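Take the given structure of chain A and dock chains B and C to it, following the hints.
Chains as they are written, first to last, in my numbering: chain A, 1 to 182; chain B, 1 to 220; chain C, 1 to 202.
Just so you know, the hints here were simulated from the structure itself, not pulled from any lab data. Quantities reported herein were computed from a predicted structural model and do not represent experimental measurements. Ideal placement from N, C-alpha and C gives every residue a C-beta, glycine not left out. Accuracy of the hints is not assured; some may be wrong.
[As the list claims (entries may be wrong)] Label pairs and their calculated CB-CB ranges: (1) 83/A with 115/B: 20 to 30 Å; (2) 47/C with 59/A: 10 to 20 Å; (3) 6/C with 119/A: 23 to 33 Å; (4) 111/C with 45/B: 53 to 63 Å; (5) 138/C with 201/B: 24 to 34 Å; (6) 88/B with 83/A: 31 to 41 Å; (7) 138/C with 88/B: 30 to 40 Å; (8) 47/C with 125/B: 55 to 65 Å.
[Stated by the list, open to error] Which chain C residues stay away from chain A? Per the calculated CB distances, all over 12 Å, these: (9) 16; (10) 49; (11) 64; (12) 70; (13) 71; (14) 107; (15) 111; (16) 125; (17) 138; (18) 140; (19) 163; (20) 170.
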Amino acid sequence: MDVTGASSDAEVVARVLGGDREAFGLVVRRYEAGLLRFAARMLGSRDAAADAVAESFVRAYRHLASCREPARLRTWLYRIVANRCKSHLARRTIADVSLDEAPPVADPSDTEATLERAEQLALVRRALVRLSPEKREAFLLKHVEGLSYEEMAAVTGERIPTLKMRVHRAREALLQVLEEHE
Amino acid sequence: MKLWLGLALLAGPLAAQSARARLEGRVPGAAVPVLDSLVQRAVAEGLPTEPLIQKALEGGAKQVTASRIVAAVQLSLGQLRAARDLLIRAGDEPPVTPGEVTTVAWALRRGLPAPVVQRVVAALPRPPRASAMHAVADLAAHQFDPDSAADLIIAAIGQGLVRERLLDVSAAAAHELQRGHTHAEALALVRQQLPNVPASPKPTRSAVARARRPAAPPPP
Amino acid sequence: MNMIDPRIHQVLDGELAPGALSAELRRSVERLVTAVALLGAPLPLPSLESRVMALIRRPAPSRARRLLRWLATPRAVMFRVRPVWSLAFAAVVALLTLVPIGHEGPDIGEHEGIAQFVGRFPGAQSVHVVGSFNDWRPGSIALEDVDQDGLWRATVVLPAGAYEYMFVVDGERWVPDHLAERLVADEFGRENSIVIVRPARR
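So here's chain A without its partners, still in its complex pose:
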């Protein structure tokens, strides 16, 4: 337990493995926001992301004993979700964007700033979808989810130089799209 009184990941894992099944709810609450955001940006669909992350949590629970470093639970969870996203993308034959990913319909009460922000986000999302899954994954893990290259290597199983190259290429591709639409 840390100074705030919150149980550490290692403590929560120990409780779950000790038979306190309900303690796994803590794991879900703690990591679902980041995992959902990552999966949604990878898959381009919130519905698909919710499925992928829920399935990943269930898988994580069932294989919790195989998490060799409970203190690095977060990295382990990202690994499961990243693999599930890759399987999902490999199965999909058509890029499907759920309607709730479509640009929001403007509301008269929206400020100009809100609309501009929505348009910018739509542009960035479109640029992201055009990246290969590997580059998209690397960019999201590095910049959006804030993992270190060491953590990314643990998530993806790739070497750090490979990951750096993917992140660099992703930045270049995104910047090109963003600057084209200035």
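Here is chains B and C on its own, set in the frame of chain A:
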């Protein structure tokens, strides 16, 4: 000759009668006479009536007001006329096949520019063209340039692919897009694969085993 | 793809201070930083906790059921045999797949196919699919949520062709198919999904 003329004369009232029977109880009563007259007009112009009846039934099911249903059916009639005119411009001899009018109307509703639709019609001199149209529209829905999409499908037709296999072509291009290729790369890759684009899988035995037919409508 | 100035990468990797860049390169960095901030905003999605915990509390499938599920899942299988045995094997497989064994579902006509409808509606009491294949008649094709996981499905035999449709949730809420590949305006302010049913025998 007289028999055919007689049947043709009967077709109009029969179509209207069957339309009225299908619409009554399903759309607001006030709309039935107007809708009936729109169906009759379609019959008189040699246009398909089923899209109009379906649009009316849809409006009734969605509990839309009578005036909105009528407006939607009038719009549909206009779309059918535009589709018929496009088919004639593309070289189909009048009277054009009603099924083809429905196909072209659908392609235009899905956002394909009229010149693109016309090219696809011209590339397939004989109907049916539904799969070709939907294949091009599918590609356009994935932000492929409509002209380039039509080029690919026309190339596929040239390589002997027909009907549902054309949908496999558009599916293959979209798959390449999902794998991270640009639109131009995806089109080029699929063009290279022609005519051997992967076929879509047939329904699995378990899917067939659990398939059901829709429940029969209740008796009137 | 254009290579960008490597100093941009150095700033983004924390290896160089932004002040070391020209104004133009700093703008490029800001564009990417803004893009990251937009992507990093939390998404307004409901918590998965109750869904995950419900699945966890469910008893795990028995070994027999897991084996059946494994057998039913399509997998690529490769093995090498002499040609004469591969012919014999192919003949047996053809026999087993072409000769109906037990109840195989409805007879599908030459011009009919199968449409599979799937929708995620957790908490729904009923889901129907309504469209031009059933004269937009609500209630005639019901989806089922067999696993009680919010995923509703129906597999329907229909004449081959293209159809417009929507889902109707709890008898009143009309919802487009979020997984549909094709959409078209319905002229009533909403969008219909389109399904193309291919002939099953081809």
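Worksheet item: Checked against the structure, which of the hints given earlier come out wrong?
Response: Failing hints, ascending: 1, 4, 6 and 10.
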